[in-house]
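S.K.: Can you make the complete structure from the sequences, with help from the hints?
Residue numbers (the numbering used here), protein chains in the order written: chain A, 4 to 551; chain B, -10 to 142.
There's no promise every hint is true.
Taking lysine-lysine and the DSS-like style, the derived pairs with C-alpha atoms no more than 25 Å apart in a straight line are [said to hold, decoys possible]:
hint	chain 1	residue 1	chain 2	residue 2
1	B	86	A	540
2	B	85	A	540
3	A	146	A	79
4	B	8	A	305
Anything over 10 Å on all C-beta distances counts as not near chain B; from chain A, calculated [said to hold, decoys possible]:
hint	residue
5	298
6	364
7	430
8	459
9	495
10	534
Just some of the chain A residues that point at chain B, by a computed CB distance under 8 Å [stated by the list, open to error]:
hint	residue
11	201
12	204
13	241
14	281
15	283
Please keep in mind that the hints were generated in silico from the structure rather than gathered at the bench.
Predicted model, so just to flag it, every value in this text is computed and none were measured.
Backbone N, C-alpha and C define an ideal beta-carbon position, used for all residues, glycine too.
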Amino acid sequence: MFYRAHVLVEMTSGSIALGAAQLKEQLEREIARLGLQDEVKVLETGSFGAAIPSPFIAVYPDNIVYAPVSVQHVRKIVEEHLLKGRVVKELLFIGERGRDVTAFIPLSPMAKEKRVVLRNCGLIDPLNIEEYIARDGYMALAKVLTEMTPEEVIEVVKRSGLQGRGGAGFPTGLKWEFTRRAEGEEKYIVCNADEGEPGTFKDRLILEGDPHSVLEAMAIAGYAVGAREGYIYVRAEYPQSIRHLEVAIVQARERGLLGERILGTSFSFDVKIRRGAGAYVCGEETALLESIEGKRGEPRVKPPYPPQRGLWGKPTVINNVETLANIPPIILNGPEWFRGIGTPTCPGTKVFTLTGNVNTLGLVEVPMGITLRELVFEIGGGIRGGHGLKLVQTGGPSGGTMTPDLLDVPMAFDTLPRYNSALGSGALTVIDDTHCIVDVVRNFAEFFLHESCGKCTPCRVGNRRIVDILERIAKGLGTLEDLEKLSYLGHYMKATAFCGLGQAAPNPLLRCLEFFRDEFEAHVREKRCPQGICAMKPQAQPKKTLRV
Amino acid sequence: MSLVYQDVEAVIAKYREEKTPLLCILEEVQEKWGYLPRDVLGYIAQRLEIPSSTVYGVATFYAFLETKPVGKYVIRVCRSAPCHVRGAMNVLETLKKELGIREGETTRDGKFTLEVTSCLGVCGVAPAMMINDVTYGNLTEDRIREVLAFYRD
Ligand SMILES: Cc1cc2nc3c(=O)[nH]c(=O)nc-3n(C[C@H](O)[C@H](O)[C@H](O)COP(=O)(O)O)c2cc1C
Ligand code: SF4
Ligand code: FES
Ligand code: FES
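M.R.: Written as structure tokens, this is what we have:
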């Protein structure tokens, strides 16, 4: 059937939280009321990124974006735009610098933006494989299966310089090569969609907006390393991602793009979804494998690493969602193209999620090497309420703490460690200067205490003690000695915790103890919270305070 | 065989082909029955031929698996930093006041259980909470009351 117009409704967890489902219902109702259902089709789409507030409606082929829209706007849009062809000016989304977004979709609202992994998000209906295929979807898979050997695929990925986007930045090509070389008939590809790092939601938007890009990449990885089976481990908090993946897998199987003898070649590959059950530590790759194996999600001893012994003891590639979404474009455009984006030592783009006290919340994909100043003040529109910047936590609590003196450091996997920081998952949590550092650090510490799996003592007990001491300080009962204890505990945990969770947990604490020393001292010496957030009253002292 | 066990049998049958189906089975049984009663865990252990201590260990490890009865609607309030710095504490306080319960408790009519959780991955609309499968963002006192009213009747 031919439709003269397509109306795309942003359907992501974020927009559903703001009523997108009701919006879509209302649209369909109004369209039916005016008898337009055979002329206008309503579709669901993913996010457009930080530039456009949620929820939005886009009308094609007119390239008009209305945002943010609510149910009471729908009648006007349908009557005026869809029936009479008149743009509803007052609901039109006006992009940055007053530019009309009528030109936004094919171009880009933000000069710095560069879309590789989000190439299709917000532009296609993720529930319709045709639309993915129409934008070169599964072309990369066809290319590797018909024109390339597995070794050549690995070579291309290696030459591209792609590094894992799950946080650690390990070279993806090398990981694939180790797995290919490992002995064994049975091998697995695992996609890490556990995305638990607070402040991160890029993987969700990729899965909701473009699930096929991840499936295609998993099949390519399977061909490269010699695996026939893949698992996507999705956190339980993402039912919408799971729904889109389920539909995508069925559609890909129907077209012979997953399953037996893909595209008529001798290569077979299929993907299954596994749902997490609310445990942050399961994002750690070996804990994730334990969880797929139906056990408690406790990390394993490394080495052996998953490329040697992974799922059910077999060689396994584990890659993050964003890492995988980079693969099809790299195959199609070549490694040199990829190296042309970002920095020489850290090529490609990064999806950042802007959260916290910044004016524009959302996600944006930009070349590696961008600075925090550009991210927070240009793209994010600066700090909310005209306050000053206290810090930006990059990559979630496990990542790095960037203080205002580091705003001009280029953001990349290799640069941030020089400042005791880390790029991590790309989460950016902006915290303004009305917040108390003790309160902020305690929030991070409580996260780790809550999420510690309890397997090793430094993490299980260390986090408990850190939280206890910080609570004491917030009640005005802290001493200078407590600050020394915090620092001692932090270093001790870094050196002795069993897995990345416990090793990274003290990072924000240690950095803040140093940088915000004055503020900590005001709490313990003068019994004063400069920001007036801590109660500084001793009445409810914890009954059992562990002593170091 | 009781109704529960029949259901459990159906779920076990569904995952017969899987190598290690325990977590899948627990998730799906819980979806049907709201939580995982002890005797059901024992039954699953027996049927899969794994120690019941192992099954219990798994059931108590994951935050989304419940071994005690919970309300019809489980409210999970995000308390991670991006929500925290946008007023997550007020969300929790409002919910406590509206429901008359503390975190970890269930209302007397068995309707709501209140829990706190780590990041829900919708920090773009912080502060946020999840009620069963549905996420709600940009929460204010008014919006929380609106949402609760929807679930109350
Ligand atoms: C405590 C902890 C949590 C993690 N959580 C995630 C996660 O949610 N998603 C993810 O992709 N990687 C996570 N990682 C990193 C993974 O262990 C692993 O490095 C990654 O999935 C590898 O994929 P990549 O090479 O494509 O980045 C976590 C690591 C640790 C130590
Ligand atoms: S460091 Fe923490 S999360 Fe990691 S194994 Fe030890 S207790 Fe578990
Ligand atoms: S909470 Fe302490 S300065 Fe504030
Ligand atoms: S921090 Fe609350 S949803 Fe991410």
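S.K.: A separate judgement is required for each hint: does it hold in the structure or not?
M.R.: Right, here's what the structure says about each hint:
Distance check on the hinted pair: residue 86 of chain B and residue 540 of chain A sit about 23 Å apart at the alpha-carbon level, within 25 Å; holds. For the hint pairing residue 85 of chain B with residue 540 of chain A, the CA-to-CA distance comes to about 23 Å; that is within 25 Å, so the pair holds. Straight-line distance between C-alpha atoms of residue 146 of chain A and residue 79 of chain A comes to about 47 Å, which puts the hinted pair past the 25 Å bound. Restraint check for residue 8 of chain B and residue 305 of chain A: satisfied, since their Cα atoms lie roughly 23 Å apart, inside the 25 Å limit.
Chain B draws residue 298 of chain A into its interface by the beta-carbon criterion, the shortest separation being 6 Å against a cut-off of 10 Å. Its beta-carbon lying about 4 Å from the closest one in chain B, residue 364 of chain A breaks the requirement of being farther than 10 Å from that chain. Annotated as non-interface, residue 430 of chain A brings its C-beta within 10 Å of a C-beta of chain B; the closest such distance is 8 Å. Under the 10 Å C-beta cut-off, the non-interface status given to residue 459 of chain A relative to chain B holds; the minimum distance is some 15 Å.
Remark: the non-interface label on residue 495 of chain A is consistent with the geometry, its nearest Cβ contact in chain B lying 24 Å away (cut-off 10 Å). At the 10 Å boundary, the C-beta of residue 534 of chain A stays outside the reach of chain B, the nearest C-beta of that chain being 12 Å off. At a threshold of 8 Å, the smallest CB-CB gap from residue 201 of chain A to chain B is about 3 Å, leaving the interface hint in force. For residue 204 of chain A, the suggested interface contact is upheld, since its CB lies about 4 Å from the closest CB of chain B, less than 8 Å.
Given the 8 Å rule on beta carbons, the hint for residue 241 of chain A holds: about 6 Å separates it from the nearest Cβ of chain B. For the restraint placing residue 281 of chain A at the interface with chain B, the shortest Cβ-Cβ distance is roughly 3 Å, inside the 8 Å limit, so the hint holds. Among the interface hints, the one on residue 283 of chain A holds; its C-beta lies about 6 Å from the nearest C-beta in chain B, closer than the 8 Å criterion.
Checked against the numbered hints given earlier, the structure breaks hints 3, 5, 6, 7 and satisfies all the rest.
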